[in-house]
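Chemist: With the hints as extra help, turn the sequences into a complete structure.
These protein sequence lines map, in sequence, to chains A and B. All the letters of the first sequence, read from the start, carry residue numbers 1 to 474 under my numbering. All the letters of the second sequence, read from the start, carry residue numbers 1 to 790 under my numbering.
Among the hints, a few may not be true.
As the list claims (entries may be wrong) - Pair ranges (Cβ atoms, derived):
#, chain 1, residue 1, chain 2, residue 2, range
1, A, 349, B, 149, 36 to 44 Å
2, B, 722, A, 175, 41 to 49 Å
3, B, 15, A, 213, 13 to 21 Å
4, B, 371, A, 211, 48 to 56 Å
To be clear, the hints were calculated from the coordinates, so they are not data collected in a lab. A quick note: this is a predicted structure, and the numbers were derived from the prediction, not measured. Just so you know, even glycine gets a beta-carbon here, dropped at the ideal spot from N, CA and C.
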Amino acid sequence: MARRQGCTVSKTYVHAPGFVAGDRPKIVTSRFEFADSYTLERYLATDGYKGLRAALSRPANEVHEDVKSATVLGRGGAGFPAGVKWGLTPQQVWPRYLVVNGDESEPGTYKDRLLMERDPHQLLEGCLIACYAAGLSQCFLYIRGEMAVAQERVAVALNEAYEAGYIGKNILGSKFSVDIILHWGAGAYVVGEETALIESLEGNRGMPRLKPPFFPAANGLYGQPTIVNNVETLANLPWLLNNGVAAYTAIGTKTSPGTRMVAVSGHVKRPGVYEIINGTTTFRDLIYGQEFCGGMRNDNALKAFVPGGGSAPWFTPDQLDLPFEASQVGPAGSMLGSGAVMVMDETTDIPAAALTLTHFYAHESCGKCTPCREGGTWLERILRRVVDGDGTDADLQQLLEVGAMICPGAFPHAANEELGLKAVPFPYKMTTICFVGPSAFAPVHSALTLFRSEFEARVKKRVTIPVTAVGASA
Amino acid sequence: MTIMDPIKESVVDPNVVNITINDKPVAARKGELIIAAADRTDDFIPRFCYHPRMSSVGMCRQCLVEVETPRGPMIVVSCMTPVVEGQIVRTTTDSVKKAQEGVLELLLANHPLDCPVCDKGGECPLQDQAFSHGPGESRFVEEKRHYEKPIAISDIVYLDRERCILCDRCTRFADEVAGDALITFTNRGNDTQVLTFPDEPFSSYFSGNTVQICPVGALTARPYRFKARPWDLEQTESTCTSCSVGCRTVVQSSRDELVRYQGVDIDPVNWGWLCDRGRYNFESVNSPDRLTTPLVKTGTELVATSWSVALETTARMIRLALAGNANSVAILGGARGTNEDAFAWAMLADKLGIDQRDSQFGDGLSPEVFNLAQATIDETCAASTIILLAPDLKEELPVLYLRVRDAAQKRKSRIIEVSAHDSGLTPHAWRTVGFEPGHQARAVREALSTPEMKEQLARGQVVVVVGRPNLAENEMFTLQALAEVFIAAPSVKVLPVLRRGNVRGAIAAGLTPQNNSGDATDILNAAAAGKIDCLILLGADPMADVPDSGLVQRAFTQIKNLISIDTMINDSNRNADVVLPAAAYGEKNGTTTNLEGRISNVAQKITPRGTSRPDWMIATELSISLGVDIGVSSLEDLSEKLVGTVAAFAPSVDAKSTHGDGVLMARETPVTISSNLSKVIDRNTYNLRLVVSRTMYDSAGSTVSSPSLAGIITDAAIFVNPLDLARIGVVDGTNVRVGAEGTNIVIMIKSHNGVHRGVAWLPFNHTGVDIRPLLNISNDVIDVRIEPIK
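Modeler: Structural data, given as structure tokens:
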């Protein structure tokens, strides 16, 4: 029986600036060129729900095996293979859930938003395939609170799919039944962290849980085994089931097969979301390639770029030739994270850019653990003072010391020939529960390490007054 | 040379996990957290959010330590990391020191340095650990967070959000331990704060515990605010006697005045928690209304006099009454004092041949429940099934409620509640068996005979918690229901929950009817019939405590000489012939016995008010005046006699054993219980059957005379099911006429979903309306008719 969820689409919506078509393999963005890409008609006309039919015609464990051997990497940030993740749930514990993490809120990241706005059925089909393959009884689709259009589009698509019999009881006449429940967030960055998302879904304050004991695969939503997958990860599944493992792994590299979506923002000619080939496309291709961003705006010089969302340490032109491959970006001192590249040209005020990011993380701290709650705001306030021109050189040292309270030990950064810096590999140590705290420090650390002179130019030298003890002989 | 037994040596306890902390071997328990294991060594790990009696949250991050891993030393939070075999933990390395100092500096960043005016200053974990594990100075030069200085979040508790370090202890306690999730975090990040919900105060019965466990001065309680500085406090460990749970406390005084009680964590009883009534009714000890000199009636007035005159007068009255008939003297009370007090009076009564004595007032149970197989609180909370045949534990024995709730929450026990109206434990009960008063035995028989229940009862130990849930019914109904439980589960153990502080000790010491004489109700009936010449009240206020006030009034008009030993003037001794001032709690040493029979010490902390004396001393001096010297010259004498004479107290022979956890009474070979179901008149469907029970804040003397608690007492009201309310045709919150057998009262009616249909629930001893005219004890059950007032 069809159940109506959500609300209707507002007619006045204009597409976000974004996708540029090109002559590349397209796995998840194949329908983006159509104006009505989000409708069921268009979806069915372009191989829609064929992957689901293909999956349902085979035993679930075979489908699971396919996803495993295709090495579909998680696209949320950590890059953990989805097929392996599905296998971590304890057997014979019911009910077990799929939670779709659509709370995309990492600064610079907007790929999942486009996937939900422009091809919601592809996501729903992916959810159904995942539930079938991993043996999950119910799916919760958590969409970020601010994404009004995505919420509307997914809600409408969900209702269409229910009415057409793709979701619900005995899907497509099979014995497979599953329900998808929509849930809209209330606007908290930290809920993008999977355990905080589960807390929020349960109706609690969005605060991360501690692992252990709360590894979602064993002890997740309502204490039950729960798989949390990213939107893009699931959107890959219909194509995989339609075209087979061989076709999927033929694209990209062995360790990073397939494509991935990258959201580019900042000082390039054509910012937007691009589906690039995993593991081989380099940052230079992305920023300067004509089929992608087409170079820097006004042909300015590149100063720095953030390779994987606001919480990633920064790269400079020295790292342009690194490919989108976690095993190479990590040792180079940063991460691929959520697939967001933020590009800064020579006109960028680096301390101000760092402040923008740090402000975000300080503001979004959930307040649970001390270093993030207190340290994040402290960092922001010192940095603001420096940017405003009221800082002293002691403040720069203080920034690093406050950061060391959040992330003790060496913090990862990129190599830099000019400054004679050697790379410190990812990851960092941290005193916090989740990554929000270190994320507040990452931009500060990168900016201060790679562009210290810009900060020094901003601060006053502290005047030391020579003190002589009274009566002391000269 | 010692010969080692090779077999014995090789036996490895499977529950022991060997780890090293700072290169010293530690035998930890399986599943234990590093911080808990370290607490048993000399290596203190600083902490704020961690509390051994609550789940860990890892919020404050202060307990960071270093653990060796295959990838090198890692910094982990020791309150979230369980021990594993061979773990190497270091708590003092440079990187640990740096991490801990960092967290402390961050915690202090926004914490106001108002320690000189903060109540917590001097006993503040943040202050102490800033000294022991902090960086020494702060580099924070920004402006600190500002909030409105203390806001009252309940009648008792104040919250200063500037001082709060957001450790989640109070909110976790309220949610996890007390089950009153009335405070929570609001906002986020740097603006996170603890707050109540709008228009909903933190009115938890256990709110004082949050003040005690607050690691800073963010939560303070009205009774102690600005009263003393910690370094001025003197303290002694004692046992709370507000109810019979017997929570371990530390009694603190400043300038010879009680200023605070704090809970002490002992495993068998209270785990460190106290209820607010027990915690704050010390104010009644300091009350200006305390009696300071003996009073003797001269004409119609009570006039202050000397002890020698008062004792002579008392002795004369007793002698006069005894001259006619030993049965013309009776003693009521004694459950509020120490075991020694009760024993001294029992010895005196023995010498004088007074058999009519009772420390219960017809609102308890026959002492025969103590002869059944007994369970301790720990045994109860470890049982697979707990059957509740008891009053609402949350209202009457609050900390026992916390323990039983914990057992249910952690799924150690399943609760089968037998109750006529919902109690604090109803949400945690596995099954609830409802009944109309009078029919509980039948209800229990039917409920326990289902296959599901039989399976549950067979699962393991069954403990029945038995007390007096309803003052408006005959106690035999509860005993009959208890007998039914014994039929369904013959190996059941009993936890008797008689509520008065030391009622179990008083009964064991001899303040219970002797030689088949009658109980309190019989004594009062005899008095009403003019057969009692002299009645001695030992800290007893029958006018307030005996449900049937009509009976008490009739009795008191007939009694020739009324002698009261009490701390204050109350309704019962206002017209007494002699009032002797008694030393209160905190003013005398001795031992007390809790509901499970645990003997533990109560300690003197302050000088008795005025010339007041402990009850035992009064008994001793009276015995000399009466020429029947009980031969006691000191408390030590008396304790020795008690331990030597009364077998139940034999285990407390070593006075030290009554400290700390205390020692359990000797138990006799258990007997069993049987009874026949008695016939109960059915309720006229127009009437409602009355349930009268006590709530935590009623007009009890110690509550009324504690200013911080007195304001919490609510006005009397009658509660009925909303459907009955509709049937009667009255509006929620209006006054109605409640009548029974020719008497009636006018009282406010309230709708309550937790009251079963056909039942009316009337809390006892509240302000406003006196409900006792309805409570004629001679009836087995009481049916009332509720009518709208035209």
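Chemist: Hint by hint, note whether the structure agrees.
Modeler: Here's how the hints hold up against the structure:
The supplied range of 36 to 44 Å is met by residue 349(A) and residue 149(B), whose beta-carbon atoms lie about 40 Å from each other. For residue 722(B) paired with residue 175(A), a C-beta distance near 46 Å keeps the hint of 41 to 49 Å intact. Range check, residue 15(B) to residue 213(A): Cβ separation about 19 Å, and the 13 to 21 Å hint holds. In this structure the supplied range 48 to 56 Å holds for residue 371(B) paired with residue 211(A), their Cβ-Cβ distance being about 53 Å.
Of the numbered hints listed earlier, not one is contradicted by the structure.
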